[in-house]
Amino acid sequence: MAGVISHHELEYHSQRYAVIIILALSLIVFLGPLILRVADGSPITPGGESYTLLHDADILLSGSSTDTVPFQRSVPSPYAILLAFMALFGVPWLLPPLLAIAVVMISYLLLTATYGQRSMALFAAVALIISPLMSVLATWHAPLLLCSLLVLGAIAIGRFAPAFIAAAILTHPVGGSLAAMAFIAYAAYRKEWVRSAVIAGSSTAIAIVTILLFGTRPFHELVFASWSPDIIFELGMPTGVSVFLLILACYGIMVDFTGRRIAWFSVLIALMLGSMAFPSLLIALTVIIALLVGHAVHRLLVVEWRLSMLQESLLILIGCIALFLVITTMRERLADDPDAALSRTLITLRNTERDGAILTDPQDAPFVRHFSGRKPALETNDHSDIFLSRDAVRAYAFMESSDVAYVVITDAMRDDLLLEGEDGILFLLQHSGRFVPIASPGGASVWYFIQLERDG
Amino acid sequence: MEETKQSAGTGDAVVDGRRAYQGYLALAILMIIIFAVRMSVVEQTPYLRSDSYLAVRSVEHIQETGAPLRDDPLSVTGHARIGNPVHEYGLALLTAMTPVAYKVLPNLIMALLLIPVYLITRRLSGSSFVAFIAALLTGTGPVLFARSMNSVSPVPLALLLILIIIALLHDIERHIFPLIFCAIALAFTHPLIFVLSLSLLIMMLLLRVEGYGVDDRLGELFFFTLLLSLWFYVLVFKNALFEFGIGTLWRNVPGAYLASVFGDISLLSMLYGLGIITFLFGTFGMYHALFERPHREAYVVMGPVFAIAVLIVLRLIPIDLGITVITPFLAIMAAYGLMVSVHYIRRTKAAWSIYPLAAMLAVFFTFSALLPALSNANGELARAPSSDQVASYERLRDLTDQHAVVLTTMEEAAAVQYFSGRTTLTDDDLLPVHNSAAVMRDIDAVYTARFALSVAGKSGEMGFTHILFSEDAARRYGRDRLLIDDAACIEVSDLHRGSLLYAIRCEEAS
Numbered sequence: 000m001a002g003v004i005s006h007h008e009l010e011y012h013s014q015r016y017a018v019i020i021i022l023a024l025s026l027i028v029f030l031g032p033l034i035l036r037v038a039d040g041s042p043i044t045p046g047g048e049s050y051t052l053l054h055d056a057d058i059l060l061s062g063s064s065t066d067t068v069p070f071q072r073s074v075p076s077p078y079a080i081l082l083a084f085m086a087l088f089g090v091p092w093l094l095p096p097l098l099a100i101a102v103v104m105i106s107y108l109l110l111t112a113t114y115g116q117r118s119m120a121l122f123a124a125v126a127l128i129i130s131p132l133m134s135v136l137a138t139w140h141a142p143l144l145l146c147s148l149l150v151l152g153a154i155a156i157g158r159f160a161p162a163f164i165a166a167a168i169l170t171h172p173v174g175g176s177l178a179a180m181a182f183i184a185y186a187a188y189r190k191e192w193v194r195s196a197v198i199a200g201s202s203t204a205i206a207i208v209t210i211l212l213f214g215t216r217p218f219h220e221l222v223f224a225s226w227s228p229d230i231i232f233e234l235g236m237p238t239g240v241s242v243f244l245l246i247l248a249c250y251g252i253m254v255d256f257t258g259r260r261i262a263w264f265s266v267l268i269a270l271m272l273g274s275m276a277f278p279s280l281l282i283a284l285t286v287i288i289a290l291l292v293g294h295a296v297h298r299l300l301v302v303e304w305r306l307s308m309l310q311e312s313l314l315i316l317i318g319c320i321a322l323f324l325v326i327t328t329m330r331e332r333l334a335d336d337p338d339a340a341l342s343r344t345l346i347t348l349r350n351t352e353r354d355g356a357i358l359t360d361p362q363d364a365p366f367v368r369h370f371s372g373r374k375p376a377l378e379t380n381d382h383s384d385i386f387l388s389r390d391a392v393r394a395y396a397f398m399e400s401s402d403v404a405y406v407v408i409t410d411a412m413r414d415d416l417l418l419e420g421e422d423g424i425l426f427l428l429q430h431s432g433r434f435v436p437i438a439s440p441g442g443a444s445v446w447y448f449i450q451l452e453r454d455g
Numbered sequence: 000m001e002e003t004k005q006s007a008g009t010g011d012a013v014v015d016g017r018r019a020y021q022g023y024l025a026l027a028i029l030m031i032i033i034f035a036v037r038m039s040v041v042e043q044t045p046y047l048r049s050d051s052y053l054a055v056r057s058v059e060h061i062q063e064t065g066a067p068l069r070d071d072p073l074s075v076t077g078h079a080r081i082g083n084p085v086h087e088y089g090l091a092l093l094t095a096m097t098p099v100a101y102k103v104l105p106n107l108i109m110a111l112l113l114i115p116v117y118l119i120t121r122r123l124s125g126s127s128f129v130a131f132i133a134a135l136l137t138g139t140g141p142v143l144f145a146r147s148m149n150s151v152s153p154v155p156l157a158l159l160l161i162l163i164i165i166a167l168l169h170d171i172e173r174h175i176f177p178l179i180f181c182a183i184a185l186a187f188t189h190p191l192i193f194v195l196s197l198s199l200l201i202m203m204l205l206l207r208v209e210g211y212g213v214d215d216r217l218g219e220l221f222f223f224t225l226l227l228s229l230w231f232y233v234l235v236f237k238n239a240l241f242e243f244g245i246g247t248l249w250r251n252v253p254g255a256y257l258a259s260v261f262g263d264i265s266l267l268s269m270l271y272g273l274g275i276i277t278f279l280f281g282t283f284g285m286y287h288a289l290f291e292r293p294h295r296e297a298y299v300v301m302g303p304v305f306a307i308a309v310l311i312v313l314r315l316i317p318i319d320l321g322i323t324v325i326t327p328f329l330a331i332m333a334a335y336g337l338m339v340s341v342h343y344i345r346r347t348k349a350a351w352s353i354y355p356l357a358a359m360l361a362v363f364f365t366f367s368a369l370l371p372a373l374s375n376a377n378g379e380l381a382r383a384p385s386s387d388q389v390a391s392y393e394r395l396r397d398l399t400d401q402h403a404v405v406l407t408t409m410e411e412a413a414a415v416q417y418f419s420g421r422t423t424l425t426d427d428d429l430l431p432v433h434n435s436a437a438v439m440r441d442i443d444a445v446y447t448a449r450f451a452l453s454v455a456g457k458s459g460e461m462g463f464t465h466i467l468f469s470e471d472a473a474r475r476y477g478r479d480r481l482l483i484d485d486a487a488c489i490e491v492s493d494l495h496r497g498s499l500l501y502a503i504r505c506e507e508a509s
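Protein sequences, first through last, are from chains A and H.
For the first sequence, numbering that gives the first Met the number 0 begins at 0 and goes up steadily by one.
For the second sequence, numbering that gives the first Met the number 0 begins at 0 and goes up steadily by one.
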């Protein structure tokens with residue numbers, strides 16, 4: 000029974016237009032948010048982690064072996080090296096979209112080679128492009144995307160799998176190690192013992208080198224620190240999986256994997272549970288879901304439903320859902336930190352005379368380091384109760400010990416971190432006489448803190 | 000011989016036709032009685048349930064501007080309203096003709112529920128009398144009877160649509176257009192569409208487990224309604240979902256207050272809410288259809304029962320809403336269970352006891368269903384503001400300026416906003432509230448405060464200028480006034496028959 004379109008017709012169109020469609024959609028979805036951010040006046044690249052890596056890249060480019068704004072990490076990650084290379088051409092922001100397009104294209108080619116159905120691979124690639132996680136990875140600087148590309152390389156060129164996996168571990172220790180385990184398990188399942196041993200040996204060696212080189216910071220992510228069941232995008236997890244794509248994936252299993260349904264559902268559930276423990280697995284979950292969505296949409300198009308009217312309505316609905324996902328993720332990226340107000344304020348503070356740290360929201364620490372070139376007084380939430388403190392003596396003692404020169408208060412801090420009304424640090428800023436307000440070009444408020452020893 | 004057979008066949012058809020006619024007549028009379036009783040109860044007050052006034056304001060806003068109430072100036076914490084406006088648009092249309100629609104519509108729809116219940120049961124049992132019993136048990140279910148009697152809610156319409164869909168499922172081919180229409184209408188009316196989706200899934204599982212073939216069209220309908228409703232509700236509640244995550248399902252009610260809003264589930268509450276006969280015979284009917292004599296039609300009815308039971312146990316649905324939705328389906332199974340019991344007794348030597356047992360059951364039904372239903376209806380009436388309360392709200396409007404922010408109990412806040420036109424700190428719509436736990440805790444703290452200073456402090460923090468202490472607050476906090484010490488900066492005014500208004504003037508005094 001033919002559905003909305005015949006299989007052969009679909010394959011014919013896919014063969015002609017698939018690559019163009021994937022590239023065009025990737026450019027719109029991945030570059031769209033960056034263009035909108037520029038139009039909005041915000042820094043082009045969103046995300047806190049992005050600015051930590053940009054800071055690492057800056058240090059590499061400056062050729063300095065010592066960090067002017069001290070930070071725990073002393074050796075840059077391979078991603079930061081690649082980022083520094085892109086920065087040489089003045090386009091560091093282009094790295095995530097390029098890597099994302101590469102990941103999508105390689106996934107498409109791999110699926111086409113594996114299943115022999117270009118149309119299915121095309122729909123899977125489209126599902127991957129519009130997935131919320133990809134929207135984040137394609138705009139933020141994140142080593143996970145490079146790691147994914149290397150893992151895909153390992154799948155595509157099996158002979159060099161150990162080398163690719165080793166590089167993946169070096170790039171993202173958690174993601175690379177999990178991929179190595181998956182490769183070892185697969186090789187063992189195929190009874191390829193030599194291959195399995197080579198991957199295991201090289202992975203272990205690289206993991207040890209990584210720990211020695213990078214210290215504890217990347218490695219502590221390996222530890223099962225906190226179980227987070229929030230992996231659904233529509234329930235407020237920006238890097239989660241979309242519930243719509245998940246339902247379509249379940250439909251894909253039901254209609255296209257007769258006899259292997261339990262195995263596929265088991266893989267899906269295992270990856271979902273794994274993602275709750277190791278967020279790096281979300282990329283694997285996203286790719287598997289995209290593959291299943293590809294199957295689902297392909298079947299929806301080529302097999303006729305008994306209620307054909309519902310079938311056509313459903314295809315329109317799926318189009319609406321795709322549009323919803325693209326618009327929502329774009330809006331999310333547009334709203335990501337840092338915004339124009341914060342970046343302008345921090346850039347202004349780069350050129351002020353007084354040395355010293357900046358006290359602001361700990362989440363903004365990477366932005367402080369990147370834009371102002373100063374040290375953030377708070378990097379974690381450990382001492383963020385200082386904002387709520389009504390004890391002036393304790394607040395001053397903390398600020399003096401942290402060598403605070405400026406206090407920056409953003410609108411987001413007023414909503415989430417500070418007391419309503421004029422209490423806590425807001426009261427001290429206005430009434431204690433130890434703070435001098437400074438005109439700021441951005442929307443954030445800035446105060447200069449008078450240190451008794453330093454300023455007399 | 001042939002002629003005799005033919006005339007006998009015609010005679011049977013005449014008898015069947017007469018029985019069917021009598022059944023429909025009895026159903027019509029029952030519906031009229033149920034509707035009349037419900038209307039006579041709600042006519043005892045000219046007002047609606049307090050929490051309905053939020054919807055009423057939204058309906059009036061639609062009538063005035065054409066848009067639903069989204070930026071509400073009368074709530075400090077809940078000014079950015081989130082919700083599905085489709086039902087409110089329908090109401091705006093109907094109430095524009097006559098405001099009586101607020102009272103008539105839910106009660107009329109609740110009476111109409113009996114038609115699909117009757118039809119489903121008649122198909123299941125083949126008996127008009129059994130179908131009538133199911134309609135009777137549905138119409139007099141203690142919680143269902145009182146539910147939405149005096150409030151503006153899309154639940155009756157959603158429940159009617161669910162029942163129509165279930166009634167049409169026996170012949171999908173023939174009823175495809177009404178089915179799709181009802182599914183789409185339900186998706187846009189109330190999140191109960193998810194109950195239908197879950198019901199269809201359970202239905203398909205039951206049919207497959209029992210070896211019945213599952214119609215592909217059932218799966219197609221399930222998949223379509225699921226995706227459509229999910230998309231629609233994610234669009235409508237997107238902001239709340241992104242901010243509160245899964246807490247949106249609990250309407251952003253803080254954990255400590257969940258039990259008071261969603262209700263506590265217990266066997267006793269289920270027995271009381273459903274009616275003992277409905278509960279016991281319904282359970283027996285389901286057991287019989289599952290294990291004794293598998294019955295395909297019964298699985299269609301059991302799907303929603305299991306679906307709602309799961310949602311009630313997981314507290315994904317308020318218990319009174321759960322009981323309301325489960326009542327018609329359990330009533331159908333109860334009528335089926337009663338029929339099975341009667342057939343069984345007829346085959347025993349105690350066949351003579353059927354009539355005495357029926358009489359006893361009727362008496363028991365009166366005490367276990369009819370009286371609790373009327374009692375619940377009175378309880379529902381008590382949730383509407385009294386004339387004294389409305390008079391005090393109107394006096395409040397006279398005593399305060401239009402910039403006043405009044406702290407009230409959450410339950411009566413919507414009525415205060417409507418009748419006084421004054422802004423309240425919050426109301427029972429917690430979805431737009433950023434820090435609902437803190438707001439609810441602070442309201443309790445103000446009503447139970449002993450020192451004027453702490454009340455003044457909260458006033459500065461939360462931004463209210465007045466406190467209303469009404470009958471509702473007296474009932475909730477078990478006192479007749481605030482316990483704060485005498486403070487020069489808090490001025491007390493008697494609004495109307497014991498309702499007090501505290502004006503906070505501490506800042507001005509200092």
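Hints in this document: simulated from the structure, not taken from any laboratory.
Predicted model, so just to flag it, every value in this text is computed and none were measured.
Built from N, CA and C at the ideal position, the CB exists for glycine as well.
Treat the hints with care, since some could be wrong.
Now the stretches of chain H that chain A is said to cover, found in silico as 3 or more residues with beta-carbon under 8 Å [stated by the list, open to error]:
#1 19-33
#2 210-219
Covered by chain H, according to a simulated footprint, are these stretches of chain A (three or more residues, beta-carbon under 8 Å) [unchecked claim]:
#3 235-246
#4 303-310
- Query: Under a C-beta cut-off of less than 8 Å, do 3 or more residues of the segment 210-219 of chain H approach chain A closely enough to confirm the stated coverage?
  - Reply: Our answer is that it holds, as 3 residues pass the Cβ test (under 8 Å) against chain A, meeting three.
- Message: Can you confirm whether chain H covers the segment 235-246 of chain A, using C-beta to C-beta distances below 8 Å and requiring at least three such residues?
- Response: Answer holds; 5 residues pass the 8 Å Cβ test.
- Coverage of the segment 303-310 of chain A by chain H (three or more Cβ within 8 Å): holds (count 6)
- Are at least 3 residues of the segment 19-33 of chain H within less than 8 Å of chain A when you compare beta carbons? Check failed, 0 qualifying residues.
Hint 1 alone, counting from the list given before, is not met by this structure.
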